[in-house]
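There are 2 protein chains.
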Amino acid sequence: MPEQVCISLDAMGGDHAPDMVVAGAEIALKRLPHLTFLMYGDEARLRPLLAASSQLEAVTQIRHASQEVTMDDKPSVALRQRRDSSMRLAINAVKDGEAQGVISAGNTGALMAMAKFVLKTVKGIDRPAIATYMPTQRGETVMLDLGANVECDENNLVQFALMGEVFARTLFGLERPSVGILNVGIEELKGNESVKKAAAILRAIDLPIRFEGFVEGDDLAKGTVDVIVTDGFTGNVALKTAEGTARLLVHFLRETFQSSFAAKIGYLLARRSLQRFRDRMDPRRYNGAMLLGLNGIAVKSHGGTDALGFSNAIGVCHDLIANRLNDSIKKELASFEEAMSRTDLEDEILPMAGNAD
Amino acid sequence: MPEQVCISLDAMGGDHAPDMVVAGAEIALKRLPHLTFLMYGDEARLRPLLAASSQLEAVTQIRHASQEVTMDDKPSVALRQRRDSSMRLAINAVKDGEAQGVISAGNTGALMAMAKFVLKTVKGIDRPAIATYMPTQRGETVMLDLGANVECDENNLVQFALMGEVFARTLFGLERPSVGILNVGIEELKGNESVKKAAAILRAIDLPIRFEGFVEGDDLAKGTVDVIVTDGFTGNVALKTAEGTARLLVHFLRETFQSSFAAKIGYLLARRSLQRFRDRMDPRRYNGAMLLGLNGIAVKSHGGTDALGFSNAIGVCHDLIANRLNDSIKKELASFEEAMSRTDLEDEILPMAGNAD
Chain A
0 MPEQVCISLD AMGGDHAPDM VVAGAEIALK RLPHLTFLMY GDEARLRPLL
50 AASSQLEAVT QIRHASQEVT MDDKPSVALR QRRDSSMRLA INAVKDGEAQ
100 GVISAGNTGA LMAMAKFVLK TVKGIDRPAI ATYMPTQRGE TVMLDLGANV
150 ECDENNLVQF ALMGEVFART LFGLERPSVG ILNVGIEELK GNESVKKAAA
200 ILRAIDLPIR FEGFVEGDDL AKGTVDVIVT DGFTGNVALK TAEGTARLLV
250 HFLRETFQSS FAAKIGYLLA RRSLQRFRDR MDPRRYNGAM LLGLNGIAVK
300 SHGGTDALGF SNAIGVCHDL IANRLNDSIK KELASFEEAM SRTDLEDEIL
350 PMAGNAD
Chain B
0 MPEQVCISLD AMGGDHAPDM VVAGAEIALK RLPHLTFLMY GDEARLRPLL
50 AASSQLEAVT QIRHASQEVT MDDKPSVALR QRRDSSMRLA INAVKDGEAQ
100 GVISAGNTGA LMAMAKFVLK TVKGIDRPAI ATYMPTQRGE TVMLDLGANV
150 ECDENNLVQF ALMGEVFART LFGLERPSVG ILNVGIEELK GNESVKKAAA
200 ILRAIDLPIR FEGFVEGDDL AKGTVDVIVT DGFTGNVALK TAEGTARLLV
250 HFLRETFQSS FAAKIGYLLA RRSLQRFRDR MDPRRYNGAM LLGLNGIAVK
300 SHGGTDALGF SNAIGVCHDL IANRLNDSIK KELASFEEAM SRTDLEDEIL
350 PMAGNAD
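Residue numbers (numbering that gives the first Met the number 0), protein chains in the order written: chain A, 0 to 356; chain B, 0 to 356.
Derived from the structure by calculation, the hints contain no laboratory data. Remember, predicted model here, so these are calculated numbers, not experimental data. Treat the hints with care, as some may be off.
Which copy? The list can't say, so a pair holds if one copy fits it or any two copies do.
[Stated by the list, open to error] Simulated crosslink set (DSBU-like; lysine-lysine; CA at most 35 Å straight-line):
#1 Lys115 with Lys221
#2 Lys29 with Lys221
#3 Lys330 with Lys263
Let the sequences and hints guide you as you build the complete structure.
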């Protein structure tokens with residue numbers, strides 16, 4: 000039997016909280032019976048929800064939080080004024096060693112600010128990043144950063160590459176995931192200074208990382224590489240553009256099947272296959288963005304998700320804990336430091352990358 | 000009968016050139032019989048292609064070019080060493096007043112560099128931008144810049160907003176198109192300095208422009224605004240991400256309809272409707288990216304397009320000429336200058352925008 004894994008939950012974060020948090024935990028527990036939970040939130044609301052499931056109740060501790068972080072709270076305000084919120088206390092539980100990971104479907108900016116403040120960044124990482132994975136033509140691809148850092152220099156991008164590679168290895172079980180940097184073209188001379196210098200560093204260092212150079216926006220859906228590295232501005236826009244385009248096509252498709260009698264019959268016949276198509280694209284399957292680079296596992300669930308989606312975020316959090324993601328990241332960073340000390344960056348690599356056309 | 004419109008064509012640019020250029024011109028001529036063409040390229044190859052269509056031959060002058068710009072030519076090299084190329088001569092024709100607009104399906108970077116060098120930027124525009132339009136849930140949306148400028152400051156973005164608004168007005172016949180700036184959130188405090196300051200300027204100036212503030216990646220497909228303004232790095236990634244995602248879904252859908260006998264029959268029944276779905280998403284319908292901000296109309300066609308796609312690029316070029324796009328841009332810039340002189344930017348607007356959270 001696997002070791003017990005304890006996850007702390009911000010039970011008040013998300014559009015459908017706390018109900019979907021409790022229901023999501025119940026679903027996850029069926030798949031992963033060695034889970035235990037610390038549930039932070041309004042005890043008076045959580046108690047009756049828990050009472051409905053004796054199995055979940057048996058492995059869950061409810062811990063009352065007098066505050067909630069709202070979606071409108073600015074990160075700085077949340078940090079100063081929501082010290083007794085369900086989100087903050089759930090994060091504290093990881094810091095205090097009571098839980099091995101934390102999940103919230105609440106305000107992303109507040110979660111990042113609090114997690115950074117409480118858990119601190121891993122040594123060797125300047126800024127944590129948000130990473131997620133998405134369906135592609137070839138399987139699944141990890142992308143980071145998705146919005147934690149709107150401006151990134153080459154060191155940030157290199158660190159994202161290292162963390163993203165470990166994340167893909169841990170999550171997908173790949174031995175040597177391939178890594179690309181998102182750019183406006185695949186030629187070495189394209190792009191801004193940050194991506195050019197980051198690529199130069201990754202090409203130069205003597206690490207087993209499989210760096211494939213630059214990739215473009217359409218490589219996301221193609222699945223050209225296992226890990227796509229970008230700044231938080233571009234990553235956020237790309238992720239939301241992909242989600243929006245997928246929804247648009249599904250919308251067009253729905254109209255298509257209602258446009259004629261023959262199309263309606265056609266839909267009925269293809270219904271089962273189309274359901275599998277929908278399942279494949281179901282955003283709930285890809286729910287669970289990771290805050291990478293912190294001393295502790297912190298997972299962000301989509302705010303609008305339901306119980307099934309939240310259970311998937313719990314699954315992601317569990318896998319990262321069970322596979323000791325953070326130990327791997329620390330090991331990777333150590334090898335990187337070591338490789339960097341053998342590389343003549345300042346005099347050789349970076350000046351070359353700076354020569355744009 | 001409408002006035003004659005003369006367009007110069009780079010007959011050697013594009014994967015399927017020169018055949019698709021000639022065939023595209025033939026299709027366009029059927030729709031727009033008042034068109035005439037200057038076709039630049041290898042005369043020995045163009046002559047027999049033209050001979051096949053007496054109608055097109057009658058309105059086309061072939062002009063021999065001894066060089067071609069290849070897809071691998073760097074912009075700077077193309078500029079210096081391809082002075083007798085079909086691309087360069089076709090651009091020169093606009094400068095010399097022989098043609099009212101130019102179209103190329105060749106190397107984008109080279110086209111931008113040459114067009115900028117030959118035609119010069121409009122007074123009041125620091126850097127030209129590449130703009131295109133795409134299908135959305137609500138109709139069509141213009142987006143710019145798509146890659147001409149990987150780094151943009153607030154003035155560039157404001158200029159893109161003005162030009163994009165005129166482009167949407169001209170192309171879609173909208174009286175007052177709405178404009179948004181692409182960002183990682185819709186709150187005023189989100190984003191990098193450039194987008195925050197550009198938004199502050201557009202909010203502050205006393206112009207009839209319908210500025211709606213920030214939009215996010217998924218607003219592209221939703222069609223939330225008529226014009227989306229962004230830097231060339233983000234715009235390029237967003238456009239390619241949207242294209243890639245659309246292709247991925249069509250790929251998944253094709254697999255879906257082949258996955259069972261019932262699905263295959265369903266496909267046959269829904270075929271006509273699905274064809275309309277495909278038509279709606281057909282990238283050839285949205286072929287024709289505009290180089291905005293130059294003293295002359297220059298349109299970039301997709302390199303991989305076919306005759307039908309190229310004919311659409313000719314249609315776009317024609318519409319912009321017929322509706323005097325550049326006169327409208329100049330008028331807009333003049334009103335902007337005037338409005339700016341009445342606005343206390345340095346002391347009031349920008350300092351406020353700089354206060355990020």
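Status of the hints after comparison with the structure:
For a Cα distance limit of 35 Å, the shortest separation of Lys115 from Lys221 qualifies both inside one copy, at 33 Å, and across copies, at 34 Å. Taking the closest pair of Cα atoms, Lys29 and Lys221 come within 35 Å of each other only inside a single copy of the chain (34 Å); across copies the shortest separation is 38 Å, beyond that limit. In the homo-oligomer, the alpha carbons of Lys330 and Lys263 never lie at most 35 Å apart, since the shortest distance is 56 Å inside one protomer and 51 Å across protomers.
When held up to the earlier numbered hints, the structure conflicts with hint 3 and nothing else.
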